[in-house]
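Protein chains in written order, with the numbering used here: chain A, 6 to 256; chain B, 6 to 256.
Derived by calculation from the structure, the hints in this document are not laboratory data. Be careful, since some hints might not be right.
Identical chains share a label here; the pair holds if one copy fits it or two copies do between them.
What the hints assert, rightly or not - Capping the alpha-carbon separation at 25 Å, the derived lysine-lysine pairs in BS3-like fashion look like this:
id, residue 1, residue 2
1, 225, 195
2, 94, 75
3, 190, 217
4, 237, 217
5, 245, 217
6, 71, 169
7, 190, 245
8, 237, 195
9, 61, 94
10, 195, 229
11, 75, 61
Protein chains: 2
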Amino acid sequence: MAKKLRQDASVVDGYGYLTNIAFDSVVFGFSGASLKILLMEYHNTGLFALPGGFVKLNEDLNAAVKRGLKERTGIDTIYLEQCYVFGDKARHQPAVMNTILKANGWAVPKEHWLLDRFISIAYYALVNYNDVTLVPDALSDSCTWYDITKLPPLILDHRLIVAKAQQTLQANLDSKIVGGNLLPKQFTMKELQQVYEAILGENIRRTTFQRKMLGLGILKRHQKKYSGKAHKAPYMYSFKKNKTAFSKQGG
Amino acid sequence: MAKKLRQDASVVDGYGYLTNIAFDSVVFGFSGASLKILLMEYHNTGLFALPGGFVKLNEDLNAAVKRGLKERTGIDTIYLEQCYVFGDKARHQPAVMNTILKANGWAVPKEHWLLDRFISIAYYALVNYNDVTLVPDALSDSCTWYDITKLPPLILDHRLIVAKAQQTLQANLDSKIVGGNLLPKQFTMKELQQVYEAILGENIRRTTFQRKMLGLGILKRHQKKYSGKAHKAPYMYSFKKNKTAFSKQGG
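This is chain A alone, in the form it adopts within the complex:
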């Protein structure tokens, strides 16, 4: 019986998954000097949620998250990192999942595995906004970018998950993370400052920012290419690999 139910629900990730474990992804993009994330809107419900999914019985967790994101949004090969595990019992709200299932034509009994309690492993992803082509899955009307400061109400604790992902991004701001992903490989100091401002949600003085960034020793400045007006072009920078603010400078 339980097996039959899971097979019937294959459209919502069906049979053959680990129980009680889900994942959700906060996908960050940077455009128009503001930070954005991806949200799914479920058919006929007005419910918005982060893209997520479940882990197959014979699948590594990290691989499952990549697969889930590809299936639900169309996004491939992106920078993904674990962020936090949301495991409060209060996040168990079977009525929400029931609403989504019903709106998609599925009536399931109370003991259905999708109505059970789930611990969600949250990931955050950084993508180059302009490289991404979005494709919503069968469950969703849309998969769209939303400005981080203008999100609609989200299901369950997804607003908390977004907040935690933002905090993690802020905390990791000075290390490797921002470099290769939200910006092109080389960038100007101004572009870097805009990313910092969008992530931190505050303005930073240009001189303060520049002194601080150069002081961290994590940036490499590149030669300007010679041309008639090269002296007017701003310097381009890139991140040194795996350079942290402290550990390599002692000893």
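Based on the hints, put chain B in the right spot on chain A.
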């Protein structure tokens, strides 16, 4: 049948738990200028492991980890933080759990829930070494401190979990974490340097360390108390609350 089995196995955390989800804790202490962690040795097996456990059906994840640590080691009210989720399918090695169960007098069938695949949510804890009284649980011969550089072989991927916890500790070294936990509330610059050296696994030049730490703006220096030889006593420092290296200094 499944219910009966879980009840029988109550000594190993029994019936009433979320399936497929475990947790493991890396508990750090600092003593004799070196970093140590807690390990359990299972009865009659020679197997060493991190203290861990499972989440009850009606229990928050973070509360479960606190409870598990208390039950298995006797440690109460400590600083605990999530570290990483270990979810590779390769970590499913039922023979190891079977060995531990058998050594404790439990013969379980193949479909027993404890022999299923588990995703483990790793936590790290920081404790004041001198405050801790260790009490091993019924499954274990001992619960003992081991120097991080001299660990015995550990079961499953527990060595990887330790490595990840060390990396996380290193990455968080300059923020709030070290302050309130591995050291007393006030400390000398030398004590702080010893903690850094133990965590990073390398020596740091005294002048480099002092300049760097003061430059981060996260330390508060306290007045020396007056006495006849007060001028020979080193300055005492404490951490400013939630002060990060960058986010509060811009704008």
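### Query
When no copy is specified for residue 190 and residue 245, does a C-alpha distance of 25 Å or less occur within a copy, between copies, both, or neither?
Classified as within; 11 Å inside a copy, 35 Å across copies.
### Query
How would you classify residue 94 and residue 75 at a CA-CA limit of 25 Å: within, between, both, or neither?
Answer is between: at 20 Å across copies they meet the 25 Å cutoff, but 29 Å inside does not.
### Message
When Cα atoms must be at most 25 Å apart, do residue 61 and residue 94 count as within-copy, between-copy, both, or neither?
### Response
both (23 Å within a copy, 10 Å between copies)
### Query
Is it within a copy, between copies, both, or neither that the alpha carbon of residue 225 lies no farther than 25 Å from that of residue 195?
within (15 Å within a copy, 33 Å between copies)
### Query
Between residue 190 and residue 217, at a C-alpha cutoff of 25 Å, which is it: within one copy, between copies, both, or neither?
within (20 Å within a copy, 29 Å between copies)
### Task
Give the relationship of residue 75 and residue 61 under a CA distance limit of 25 Å: within one copy only, between copies only, both, or neither.
within (15 Å within a copy, 33 Å between copies)
### Task
Up to 25 Å between alpha-carbons, please classify residue 195 paired with residue 229: within, between, both or neither.
within (16 Å within a copy, 44 Å between copies)
### Query
Is it within, between, both, or neither for residue 71 and residue 169, if the alpha carbons may be no more than 25 Å apart?
both (20 Å within a copy, 21 Å between copies)
### Task
Indicate which option fits the pair residue 245, residue 217 if close means a Cα-Cα distance not exceeding 25 Å: within, between, both or neither.
both (16 Å within a copy, 20 Å between copies)
### Query
Using 25 Å as the alpha-carbon threshold, which applies to residue 237 and residue 217: within, between, both, or neither?
Classified as within; 23 Å inside a copy, 35 Å across copies.
### Query
What label fits residue 237 with residue 195 when the C-alpha limit is 25 Å: within, between, both, or neither?
within (14 Å within a copy, 48 Å between copies)
Of the hints listed earlier, there is not a single one the structure fails to meet.
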